[in-house]
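So the chains spell out like this:
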Amino acid sequence: MNLLHILWSLIQRDLRLAWRSRGELLNPVFFLILVIALFPLGVGPEGKLLARIASGTVWVAALLATMLSLDLIFRSDVEDGSMEQMFVSQTPLSWIVLGKVITHWLVTGLPLVLLAPLLAILMHLPQPGLWALIQSLALGTPVLSLIGSVGVALTVGIRKGGMLLSLLVLPLYVPVLIFGTAAVENAIAGMSPAGPLLILAAMLLFALTLAPLTAAWALKVSLS
Amino acid sequence: MWKTLKRWFHQLGSPRTFYRFSGALIPWLFVAMVITLAWGLYQSLLVAPTDYQQGESYRILYVHVPSAWMGLFIYVLMAVSGLIALVWRMKVAEMVAIACAPIGAAYTFVTLVTGSLWGKPMWGTWWEWDARLTSELFLLFLYLGVMGLYAAIEDRRKAARAAALLALVGVVNLPIIHYSVVWWNTLHQGATVKLFSGESHMHPSMLKALLIMTAATKFHFGVALLQSVRARILQQESKASWVQELVDD
Amino acid sequence: MTDFWQMGGYALYVWPSYALFLAVVVYWLVAPWLEVKRTLRKMKQRKRRQHARANTGEQHESQA
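Chains as they are written, first to last, in our numbering: chain A, 1 to 224; chain B, 1 to 249; chain C, 1 to 64.
Be aware that a few hints might be false.
Quick list of simulated restraints, FRET-style, between CB atoms [as the list claims (entries may be wrong)]:
1) G56/A x Y52/B: 37 to 45 Å
2) Q53/B x L208/A: 42 to 50 Å
3) I176/B x W5/C: 42 to 50 Å
4) T4/B x Q6/C: 51 to 59 Å
5) A51/A x Y42/B: 54 to 62 Å
6) R13/A x L25/B: 55 to 63 Å
7) V26/C x A151/B: 23 to 31 Å
8) Q53/B x L213/A: 48 to 56 Å
9) K160/A x Q53/B: 44 to 52 Å
10) H51/C x Q90/A: 55 to 63 Å
11) A51/A x Y27/C: 42 to 50 Å
If we take Cβ atoms under 10 Å as the criterion, some of the chain B residues that face chain C in the derived model are [to be verified]:
12) S57
13) Y58
14) T217
15) S238
It should be emphasised that the hints constitute simulated quantities derived from the structure, not laboratory data. Ideal Cβ positions, reconstructed from N, Cα and C, are used throughout, including at glycine.
Taking the hints into account, I'd like the entire structure generated from these sequences.
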């Protein structure tokens with residue numbers, strides 16, 4: 001079996017496992033909508049103001065929703081002991097990590113991207129920004145999952161690691177936030193969002209090559 | 001040459017040698033620090049001329065900029081010794097990496113507060129989302145993350161290795177964070193005055209004071225780091241026979 | 001001299017900056033030094049206690 005084959009079967013297995021607890025999977029989505037709904041209550045329902053802050057709030061909410069769902073990547077595997085089997089298996093650990101991150105994105109990041117039009121309506125996002133928002137979320141959320149996997153791998157042995165995880169991961173999310181919102185702002189201003197989007201794509205490639213290796217290393221350190 | 005260097009490196013890797021060696025080095029570093037600090041304070045407060053644009057308030061630069069440089073320098077050093085700790089599993093390197101974090105965080109904190117104190121008369125507000133201050137803020141969070149992770153794991157050696165790995169991740173991301181913040185700042189640039197726009201048009205005596213203060217902070221860091229590592233060595237090696245002998249005297 | 005302390009009207013900003021900087025410098029000289037001292041003292045105390053316990057233990061044995 002080649003590695004891609006293994007990767008695919010890993011993803012299938014994890015997706016099946018995720019489907020079994022599908023009620024839990026909707027929580028990040030509800031969280032996202034709820035956070036977005038809080039902003040008009042906080043700053044007032046004036047359309048112009050909401051449109052001004054729409055890209056920023058949607059992106060910050062996406063950051064928080066991803067961060068809160070990061071535990072789904074490894075924790076259950078560590079708790080039920082299947083992580084130890086992955087340590088000794090023939091497949092490189094980084095490859096297994098990559099499979100888990102892809103699954104995580106499919107169940108938490110992808111819904112977020114699909115939800116973007118609804119969030120755009122709620123926040124009065126100007127029409128030209130919508131497509132850029134979808135594109136930037138599609139490129140940016142996988143980066144969030146990848147960076148997050150390193151953070152989770154480092155805190156997986158700690159019982160109450162949730163708060164700590166946010167401290168570790170959020171500073172690393174800053175570039176994604178900056179370029180994600182910049183793409184949307186560019187589009188709204190009538191400019192091409194291609195620049196920031198390409199930078200997001202570069203970050204995605206960079207994270208895709210380094211994050212699984214680092215997360216595998218971190219798992220070995222924290223579970224040794 | 002390479003061989004002696006390698007042997008020296010290995011010897012320093014033993015806690016005992018490091019403890020003795022640093023004990024001998026600290027007094028010299030301390031004296032160097034006192035001299036450069038006194039000289040630097042004299043230069044920066046009394047000798048350096050008044051800035052024609054910012055008046056006397058620019059003198060904050062002599063504590064702000066060296067602290068900012070130390071914040072970055074210490075982070076890089078922490079990551080380098082973290083890498084050594086992870087690759088060669090060297091105990092002393094673990095302790096060096098961990099000892100770096102609070103000192104670097106302290107310098108970063110000084111940078112933020114002095115930047116704010118400098119900004120108040122220049123910008124009219126205590127805090128401006130200027131590129132330099134914003135990335136310093138996130139540098140502080142990176143330090144706090146390393147310290148928090150180290151504190152959260154019970155096994156000291158495992159904690160040190162996890163924190164070292166986080167420092168490595170941080171050092172890779174640091175330039176990305178910094179340049180994206182700079183880019184973000186130029187995007188939203190209002191009419192803010194740059195506090196410090198490079199030494200290029202600095203008066204030579206201003207530059208001199210800045211360099212002396214920078215040297216003083218380097219020596220200070222040397223003393224603080226070595227002494228912190230010594231404390232950690234004593235605590236973690238308390239069962240070793242050489243530490244027991246140390247107590248006998 | 002008062003000119004110097006007034007810092008051209010910026011005393012309120014310049015002096016706190018230098019004070020904080022020096023406070024941090026002094027703290028990071030004193031704190032690790034005290035930590036080394038404290039650790040050594042603790043270890044000495046523990047050793048003395050161990051010795052004392054060992055001695056009384058021997059006495060008990062000889063009495064028995």
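To see whether the hints hold, each was checked on the structure:
Remark: the range hint 37 to 45 Å for G56/A to Y52/B is upheld by a beta-carbon distance near 39 Å. Look at Q53/B against L208/A: about 47 Å separates their beta carbons, and that is inside 42 to 50 Å. With their beta carbons about 44 Å apart, I176/B and W5/C fall inside the hinted range of 42 to 50 Å. The beta-carbon spacing between T4/B and Q6/C, approximately 57 Å, falls within the hinted interval of 51 to 59 Å.
Separation of A51/A from Y42/B is about 56 Å and conforms to the stated range, judged on CB atoms against 54 to 62 Å. Range check, R13/A to L25/B: Cβ separation about 56 Å, and the 55 to 63 Å hint holds. Checked against the given bound of 23 to 31 Å, the beta carbons of V26/C and A151/B, roughly 24 Å apart, stay inside it. In this structure the supplied range 48 to 56 Å holds for Q53/B paired with L213/A, their Cβ-Cβ distance being about 49 Å.
For K160/A and Q53/B, the Cβ-Cβ distance of about 51 Å falls inside the hinted range of 44 to 52 Å, so the restraint holds. For the pair H51/C and Q90/A, the supplied restraint of 55 to 63 Å holds, since their beta-carbon distance comes to about 56 Å. Evaluation of the 42 to 50 Å hint for A51/A and Y27/C yields a pass: the beta carbon distance comes to about 49 Å. For S57/B, the suggested interface contact is upheld, since its CB lies about 4 Å from the closest CB of chain C, less than 10 Å.
Interface hint at Y58/B: satisfied, since its Cβ lies 9 Å from the closest Cβ of chain C, which is below the 10 Å cut-off. Checking T217/B against chain C: minimum C-beta separation of about 8 Å stays under 10 Å; hint holds. Among the interface hints, the one on S238/B holds; its C-beta lies about 6 Å from the nearest C-beta in chain C, closer than the 10 Å criterion.
Hint violations for this structure: none, all hints satisfied.
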